[in-house]
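Asks: Listed below are the residues making up each chain.
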Amino acid sequence: MNAPGPPLWLLAELTYRCPLHCAFCYNPLGFADGAELPTEDWLRVLREARALGAVQCGFSGGEPMLRDDLETLVAEAHRLGYYTNLLTSGIGLDERRMAALRESGLDHIQLSFQDSTREVNDFLSSTRTFDLKRTVAASIKRHGYPMVLNVVVHRLNIDHVDRIIAMAAELGAEYLELANAQYYAWAHLNRDHLLPSRAQLERAEAVVADWRRRADAPRIYHVVPDYYESRPKRCMNGWGAVFLTVTPDGTALPCHTARMLPGLAFPNVRDTGLREIWYDSEGFNRYRGDDWMREPCRSCPEKTQDLGGCRCQAYLLAGDPAAADPVCTRSPDRAQVDAAIARAQITDDGRPPAQPLLFRTPKASRALAGR
Amino acid sequence: MSGASGPMPRIVRHYRLQWEPVQDCHVLLYPEGMVQLNRSAAEILRRCDGTRSVAAIVAELEAAFATSGLAADVAQFLEHARAQRWIESA
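Chains as they are written, first to last, in numbering that gives the first Met the number 0: chain A, 0 to 370; chain B, 0 to 89.
Everything labelled a hint here was simulated from the structure, so no lab data went into it.
Glycine included, every Cβ here is placed at the ideal spot set by N, Cα and C.
Accuracy of the hints is not assured; some may be wrong.
[Stated by the list, open to error] Covered by chain B, per the in silico footprint, the following chain A stretches (three or more residues, Cβ under 8 Å): (1) 47-56; (2) 75-87.
[To be verified] Derived contacts from chain A toward chain B, CB cut-off under 7 Å, selection only: (3) P5; (4) H107; (5) P145; (6) L155.
So here's chain A without its partners, still in its complex pose (with noise of 0.2 Å):
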């Protein structure tokens, strides 16, 4: 295997404590009561993956403004040279703290929302939160940020994609995330609720297409959904490639959800420096390169393209970390992922009684993990 490269972007997942309670966040099931690094330990963080290489800064969680200490982790970031992004719901995005943070030198803020009306993002966030969403958006605009707006799409909004284009263009959005839910932790468990059928994902590429045609539109990056794809999605570019994510703990991960992956001891930078971390640890090494591979990738011609997939959707319905992503049309597993197409395709008045919509509360955190 090559040496592997620097870090360049680092994921800093601040808090898992979030207003919203939306149904698809990929944040771990358990995330209920966990420790938070303090201040200084984040300070360090950011110094010391600066200093391997990283240029991208995420602040993320949970809901990031949940931490009263945020304006002064991006002003250390930006002191550090990073482009600083702020991923938020919008929640506690209010105008004193959106000049601090502008004080502060954050280069761009990501607004989320989750559909382009009030019935279906107050319901999939289990909040009341779309109003104050559309005036955060407005502020985020009068302050000068670039403003990109991020929809996680599924089964429950993916008919209302004009509107969410539209909307993002009434509100001025630079560029619109239109990302269909990726089927980990929340999501996953909820994936009957969440998958579209494919008519519905047909319909709505044909709505992007024609956006992206006008003038008027922002940017738009349309991920979709891989179960529908018959090659395995490059994940994040490599595992322990170019993303270097933090969780509130302090643990450190390859990815923000590789931490479900079993038979993984994953270093935490209070007591691991983040250069070790990255070069050295078993949790960054175990899925670099091809080494890890078996059959059908390890002699297949495009495992350079698609680098065998994602770990995490291979251990979620292959039962194996290292098994080929069950995405693949090559994999013994594909048929997992055609059952679950294969229920999708059901139209609603036939479909069994699912179990109900899991929100991701404390409540239900605590539930599951004592399960």
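Add chain B to chain A, keeping to what the hints say.
Replies: Positioned in the frame of chain A, the structure of chain B alone reads:
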């Protein structure tokens, strides 16, 4: 085109050009993204500050690198940069 001296290209707001020692190159940073630049792209973009015409940028580069005949290459790169929405006219 704006005026007799032509457009004065500048890097669009919210994009940032900076030198990254670890990557040993200039990069262009923008919301949640990064482009690694080769040396000639970086030398052109460094001069896209909204105060220099394209002709002035070409003249500066030709002087800095003791060469001539760069106009076509610079124009081609600026066209690419404009299509990518990295630059606009001041």
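Asks: Next, verify each hint and record whether it holds.
Replies: For each hint, the structure was consulted:
Counting residues of the stretch 47-56 of chain A whose CB falls under 8 Å from any CB of chain B gives 4; the rule of at least 3 is met. Residues of the stretch 75-87 of chain A lying with their CB closer than 8 Å to a CB of chain B number 3, which satisfies the three-residue condition for coverage. Here the hint on P5(A) is kept, as its CB sits about 5 Å from the closest CB of chain B, short of 7 Å. Below 7 Å, beta-carbon pairs count as interface contacts, and H107(A) has one with chain B at about 4 Å; its hint therefore holds.
Satisfaction of the interface hint for P145(A) is found here, the shortest Cβ-Cβ separation to chain B being roughly 4 Å, below the 7 Å cut-off. Interface restraint check: L155(A) against chain B, minimum CB-CB distance 26 Å, threshold 7 Å, status violated.
Hint 6 from the list above is the single one not met by this structure.
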